[in-house]
Amino acid sequence: MATATQTQQGFVPVEALEKPWRFDLFRRWPWLKRLVRMRSFQYFLLLPNLFMFYLFLIAGLFGTPVGSSNIIIMYVWILWWFVLIAVMMPFGSRIWCTMCPLPFFGDWLQRGAVIKVRSGKSPGTNNKFFGLHKRWPKKLSNIWLQNFGFLLLATFSALLVTRPIVSVIVFGIMIVVATGLALIYRLRTFCNYVCPISGFLSLYAMTATLELRSTDKDECLKCTTKSCIRGSEDGWACPWNVYMGKLDRNNYCGLCFECVKSCPNDNISLFVRPFATSDIVIRGYDEVWKASIMLVLAFSYSVVLLGPYGQLKDWANISEVGNWGGFGLYAIGQALLALVVFPGLYYLSIRLAKWYAKIDNVSTKELFLRYAYMLVPMGLLAWIAFSVPLIMINGSYIISVTSDPMGWGMDLFGTAHFPWTPFWPEWVPFIQVPILLAGFYYGVRGIHKVGRQLFSDPVQLHRSLVPPTALLLGVTLVFMKLFIG
Amino acid sequence: MSNSSGENVRSTLLRGIQIEARNAKVYDTFAQLFQGYDDSVTAIFREMADEERQHGTDLEQRYRARFGPVPVPAEEPKEVIEAPDLEDAEALIFDSMTLVEALEVGLKAELMAREFYQREAERISDPDLQKLYQELGEFEEDHVRRLEEKLAEKGRAPKSTAR
Numbered sequence: 089m090a091t092a093t094q095t096q097q098g099f100v101p102v103e104a105l106e107k108p109w110r111f112d113l114f115r116r117w118p119w120l121k122r123l124v125r126m127r128s129f130q131y132f133l134l135l136p137n138l139f140m141f142y143l144f145l146i147a148g149l150f151g152t153p154v155g156s157s158n159i160i161i162m163y164v165w166i167l168w169w170f171v172l173i174a175v176m177m178p179f180g181s182r183i184w185c186t187m188c189p190l191p192f193f194g195d196w197l198q199r200g201a202v203i204k205v206r207s208g209k210s211p212g213t214n215n216k217f218f219g220l221h222k223r224w225p226k227k228l229s230n231i232w233l234q235n236f237g238f239l240l241l242a243t244f245s246a247l248l249v250t251r252p253i254v255s256v257i258v259f260g261i262m263i264v265v266a267t268g269l270a271l272i273y274r275l276r277t278f279c280n281y282v283c284p285i286s287g288f289l290s291l292y293a294m295t296a297t298l299e300l301r302s303t304d305k306d307e308c309l310k311c312t313t314k315s316c317i318r319g320s321e322d323g324w325a326c327p328w329n330v331y332m333g334k335l336d337r338n339n340y341c342g343l344c345f346e347c348v349k350s351c352p353n354d355n356i357s358l359f360v361r362p363f364a365t366s367d368i369v370i371r372g373y374d375e376v377w378k379a380s381i382m383l384v385l386a387f388s389y390s391v392v393l394l395g396p397y398g399q400l401k402d403w404a405n406i407s408e409v410g411n412w413g414g415f416g417l418y419a420i421g422q423a424l425l426a427l428v429v430f431p432g433l434y435y436l437s438i439r440l441a442k443w444y445a446k447i448d449n450v451s452t453k454e455l456f457l458r459y460a461y462m463l464v465p466m467g468l469l470a471w472i473a474f475s476v477p478l479i480m481i482n483g484s485y486i487i488s489v490t491s492d493p494m495g496w497g498m499d500l501f502g503t504a505h506f507p508w509t510p511f512w513p514e515w516v517p518f519i520q521v522p523i524l525l526a527g528f529y530y531g532v533r534g535i536h537k538v539g540r541q542l543f544s545d546p547v548q549l550h551r552s553l554v555p556p557t558a559l560l561l562g563v564t565l566v567f568m569k570l571f572i573g
Numbered sequence: 058m059s060n061s062s063g064e065n066v067r068s069t070l071l072r073g074i075q076i077e078a079r080n081a082k083v084y085d086t087f088a089q090l091f092q093g094y095d096d097s098v099t100a101i102f103r104e105m106a107d108e109e110r111q112h113g114t115d116l117e118q119r120y121r122a123r124f125g126p127v128p129v130p131a132e133e134p135k136e137v138i139e140a141p142d143l144e145d146a147e148a149l150i151f152d153s154m155t156l157v158e159a160l161e162v163g164l165k166a167e168l169m170a171r172e173f174y175q176r177e178a179e180r181i182s183d184p185d186l187q188k189l190y191q192e193l194g195e196f197e198e199d200h201v202r203r204l205e206e207k208l209a210e211k212g213r214a215p216k217s218t219a220r
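Residue numbers (the numbering used here), protein chains in the order written: chain B, 89 to 573; chain E, 58 to 220.
One chain only, chain B, in its complex shape:
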């Protein structure tokens, strides 16, 4: 039976959750804090990235249309993707957002500055912003747009990862939209609500071993300025609209470190923490569906790109085969699986959990949202497992394309003719299986922790875990079957 206070208040207050260890990086290395507090810090990371991105766009526009010989495809969709999903996400949270080039022009125009801070009284802030600074519509203040955007991009991924010009068009549209929204709406509206990449970064950042948090919550209670979110003469208002005083999950913190600069009490620090242990609260259906979409896409990509299903490969590969009927079936099937079938299976597991554990004091909605956390580590690790062969089998293209980024026959570093060489392909399954098992382990451990907050009776707790765990085990086995046959 759920405890009385929990059911009266809905979710358990964050303070009541068990807190794992965390290690204060700023205290250990004060030079890191000094570095981060520099106004130019973000731009040390961003500007080289912007320059590279600009070169990739040029290569996409003017280089060879053959994807495997064009740097934009190899660097963005193989190297960047692998580093993002397998390194940055689990270890650096949203560190990519610190250096992302897409919102740069919007930020620049909105702030009227690249590095310096402008004090002022734009609504809700202590800074002066250029533009209309409107409120984003309340009905769209969620990640549904990001969910559908990513699903749409993923459906056309065969075009995206093989045709350089398509990548240029997509990134070009994203830059224009990000810039336009920055001029009309407040702060990082594009990143918070529209960017399809940001959507899954927000979800998987929950697992990361890095967090930016206040060091002393009482200090935030006493703070009268709330400069972390409103900005000050030392830092811009939080572009993500996050209040550090109560921040308890990574999802929407884009690690811009403006709050470190603006906090008048020097009360914000960067912490290392254990993987997939701290942020376990899923707040809305949009986040549950994001988890479902990501897991199903990892499955779908694994089937299409790594599986032995030639017909399906042809349907998905619209750019070369051009079978629109088949592609339609593939696209509809994928969307149905991500938006209806898998969430339906998960819902069924929650209904079964309620029945089997005789739960009457926790609503189905609450259990559905809270136990959905299991899909977060599982999804991230399934994506990492899927990405391992990408880099190990096709990584050698990166070496050759570095010397000939446009595919024009150049040989800048003497590696242009490096042959396609899979790196230790026989080891791929041995790497993928432990990764998948880790996803299963962290998923189950996560909902066990969630369950402990909801149920005081251990029998009820364990019974409530059985159906969702069975579903997660099924997911793990399906991925294993796909990866190792």
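Rather than coming from a laboratory, the hints here were simulated on the basis of the structure. Warning: the hint list may mix true and false statements.
[Unchecked claim] Derived list of chain E stretches under chain B, where covered just means 3 residues or more per stretch with a C-beta under 8 Å from a C-beta of chain B: (1) 77–84; (2) 89–99; (3) 136–146; (4) 150–158.
Ideal Cβ positions, reconstructed from N, Cα and C, are used throughout, including at glycine.
Mind docking chain E on chain B? Use the hints.
Relative to the frame of chain B, chain E by itself:
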């Protein structure tokens, strides 16, 4: 009344004044923060800021009557005692702050203060100081009652972080 007792009463009253002033600033900050979102939220935070200022003025009058001019504090009070704060770090992202939640921010702070003063009144043996704590507790009790009335008018909903 002994010197030490008088000093305790003086410093307690002064701390009360400082806390009311600090809270007024916090509510003003919240009102500014939600500018352009729900107007009723901005309005209620402004109203709460005004109330805190009024409480501060009342306490200042009492201070002046007993101890003379109110000194300018050298530093902010270290204790939390009564500290209104947003419960949801992502309230602005999801545009989820409602009038009821804004009132609950105030209610939580007032309850915290009432409990503190009541606890101190029970703990302290100095009759002068005990009386002051009781009065401050009643002061907060009055705020709690008013906020609860407003919440009842608005049909208070169970609190949840789910959207």
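Going down the list of hints, with the structure as the test:
1. A stretch counts as covered by a chain when three or more of its residues have a beta carbon under 8 Å from one of that chain; for the segment 77–84 of chain E and chain B the count is 3, and the coverage holds.
2. Counting residues of the segment 89–99 of chain E whose beta carbon lies closer than 8 Å to any beta carbon of chain B gives 6, which reaches the threshold of three, so the coverage claim holds.
3. For the segment 136–146 of chain E, the proposed coverage by chain B is satisfied: 7 residues have a C-beta within less than 8 Å of a C-beta in that chain, meeting the threshold of three.
4. For a cut-off of 8 Å, the count of residues in the segment 150–158 of chain E with a CB near a CB of chain B stands at 4, and the three-residue condition holds.
Taken one by one, the earlier hints all hold for this structure without exception.
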